[in-house]
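Participant: One letter stands for each residue in the lines below.
There are 2 protein chains.
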Amino acid sequence: MICIAACQLKLDVLNSAECRSVATAAILQAIRNGAEIIVLPELCNSGYCFLDMNEVVASAATLDDELMRNWVEIARENKVVIIAGINLYESEKYWNASVIIDEGGLVGWYAKVHLFGDEGKFFTPGDLPPLVVDTSKGRIATMICYDIEFPEWVRLAMLDEAQLLAVPTNWPWMGQIPTTPPMEVVRVQAAASQNKLVIAAADRSGEERGLSWVSASVITNDEGVIQSIATTSAQIIYSSVSLPTDRVISDKNDIRGDRRPALYSRILNQ
Amino acid sequence: MICIAACQLKLDVLNSAECRSVATAAILQAIRNGAEIIVLPELCNSGYCFLDMNEVVASAATLDDELMRNWVEIARENKVVIIAGINLYESEKYWNASVIIDEGGLVGWYAKVHLFGDEGKFFTPGDLPPLVVDTSKGRIATMICYDIEFPEWVRLAMLDEAQLLAVPTNWPWMGQIPTTPPMEVVRVQAAASQNKLVIAAADRSGEERGLSWVSASVITNDEGVIQSIATTSAQIIYSSVSLPTDRVISDKNDIRGDRRPALYSRILNQ
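The listed protein sequences correspond, in order, to chains A and B. For the first sequence, numbering that gives the first Met the number 0 begins at 0 and goes up steadily by one. For the second sequence, numbering that gives the first Met the number 0 begins at 0 and goes up steadily by one.
The set of hints was computed from the structure by calculation and includes no laboratory data. It cannot be assumed that every hint is accurate.
Stated by the list, open to error - Simulated DEER-style distance windows between Cβ atoms: (1) Ser-90(A) to Pro-177(B): 45 to 53 Å; (2) Thr-179(B) to Ala-57(A): 42 to 50 Å; (3) Pro-177(A) to Ser-211(B): 27 to 35 Å; (4) Gln-269(A) to Ser-135(B): 28 to 36 Å.
Said to hold, decoys possible - Covered stretches of chain A (in silico footprint by chain B; criterion: 3 or more residues with CB under 8 Å from a CB of chain B, positions within the stretch not fixed): (5) 169–178; (6) 187–198; (7) 221–231; (8) 254–265.
For every residue, glycine included, the Cβ atom is placed at its ideal position computed from N, Cα and C.
Based on the provided sequences and hints, a complete structural model is requested.
Facilitator: Have a look at this one:
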């Protein structure tokens with residue numbers, strides 16, 4: 000069993016210094032409560048509702064700036080894994096990114112591939128598969144928010160042997176039909192169940208420039224069953240779960256072995 | 000709006016004549032209650048828990064036998080569409096099949112591709128994509144039970160422009176962790192939501208040779224929201240829903256257009 004925390008944060012696009020300190024405080028709080036893997040929301044160093052590119056530029060982090068060095072030091076000292084969504088400036092571009100840090104330092108970073116809403120005005124879309132890496136706490140995949148609505152994307156993480164999928168997210172409240180749990184969580188549950196993956200998604204709370212959030216951070220087990228789910232306030236949710244080591248679902252069925260990829264080629268059509 | 004019925008039936012693998020009459024009675028009942036599209040469970044002419052091949056042979060239907068002629072006549076007279084899971088003998092093989100019948104007769108049939116449990120002992124696996132056909136009531140796809148757990152398979156139906164996915168199913172109760180709704184339904188909801196498809200799944204009730212069923216027939220709208228869900232008894236559930244004509248989910252996002260299939264090629268790996 001491993002203790003996972005998903006940090007649902009109230010951030011402010013007008014105050015990136017505060018975003019950074021709120022995110023770092025949440026990591027430290029989660030560690031005090033025993034978390035070994037800590038997931039933070041999408042763009043947790045900047046907020047989401049940018050008005051113009053200047054705001055993106057002003058709040059972006061780099062892979063070797065103070066924020067990242069701080070998180071690397073925290074991960075090293077406490078032997079934890081941190082997965083965080085950040086506004087990242089790297090290779091002369093701005094990315095809606097997710098970083099994976101373990102006690103050995105930065106393990107890798109991922110750029111969101113399926114951009115939502117206006118994100119394409121500010122960020123370069125990624126063109127690499129979901130990041131899946133070996134960490135000191137297991138084989139961890141990451142993708143960001145809207146990415147998980149593309150079941151192909153979660154499949155790639157499963158096929159690359161991920162045990163845990165960590166999803167920094169900012170699920171916008173856009174007048175969806177209210178359901179319990181929200182449909183964003185239903186999609187997470189199905190992704191976990193269909194791929195036999197543990198999934199931890201860290202969402203936002205509060206409001207930003209008139210936009211609010213679903214505020215439903217969630218941790219599922221590898222059968223898709225909700226282990227912990229947030230209410231609307233800023234909070235950290237925790238769950239101790241077992242990470243899967245195979246995709247077997249019964250004595251006769253294996254969800255990976257039962258796939259028939261030779262019949263799936265049309266999925267590459269637009 | 001179109002009225003869809005999903006018929007949750009109590010069947011008996013020891014009495015295929017009764018299975019046929021129960022299935023036909025449900026179709027007629029649904030029509031009396033205003034259904035225009037009627038979905039029946041997997042293997043509704045035979046039951047599921049076969050002990051040997053003799054039982055499969057004894058209960059199989061053909062595409063031109065009395066059962067099918069009867070259903071074609073009912074569809075013609077009442078201008079309805081019937082989607083039914085049947086034990087089918089065709090081309091000298093036995094298939095776990097789904098037939099789609101509209102007022103013009105048999106529109107097509109599909110053979111289950113992802114076989115579950117012992118099904119491979121009795122049935123030849125299909126090797127064609129989900130059936131997607133134009134009917135008098137819209138463009139309808141069908142697949143069977145375990146097929147829907149493979150998100151690639153639902154994607155193929157969406158890419159082929161399905162508006163409704165009709166899923167004959169026998170969801171076995173195998174000691175899953177109990178959730179509300181059951182995880183089988185969660186996967187249906189996510190499939191509907193991620194593909195902007197209406198989905199109707201018809202399950203079983205009762206018990207057969209010691210095996211019982213989830214008994215959670217369900218109809219969702221094209222946002223994945225449950226419109227009607229069965230309790231455990233034999234029953235017909237109904238819902239009037241609008242069939243989607245596009246995959247647009249906001250003024251900036253289209254779940255088909257936002258796909259990036261050039262990045263999905265590894266999904267064809269086993």
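Participant: Each hint needs a verdict: does it hold in this structure or not?
Facilitator: Going down the list of hints, with the structure as the test:
no.	hint	verdict
1	Ser-90(A) to Pro-177(B): 45 to 53 Å	holds (49 Å)
2	Thr-179(B) to Ala-57(A): 42 to 50 Å	holds (46 Å)
3	Pro-177(A) to Ser-211(B): 27 to 35 Å	holds (33 Å)
4	Gln-269(A) to Ser-135(B): 28 to 36 Å	holds (29 Å)
5	169–178	holds (count 4)
6	187–198	holds (count 5)
7	221–231	holds (count 4)
8	254–265	holds (count 12)
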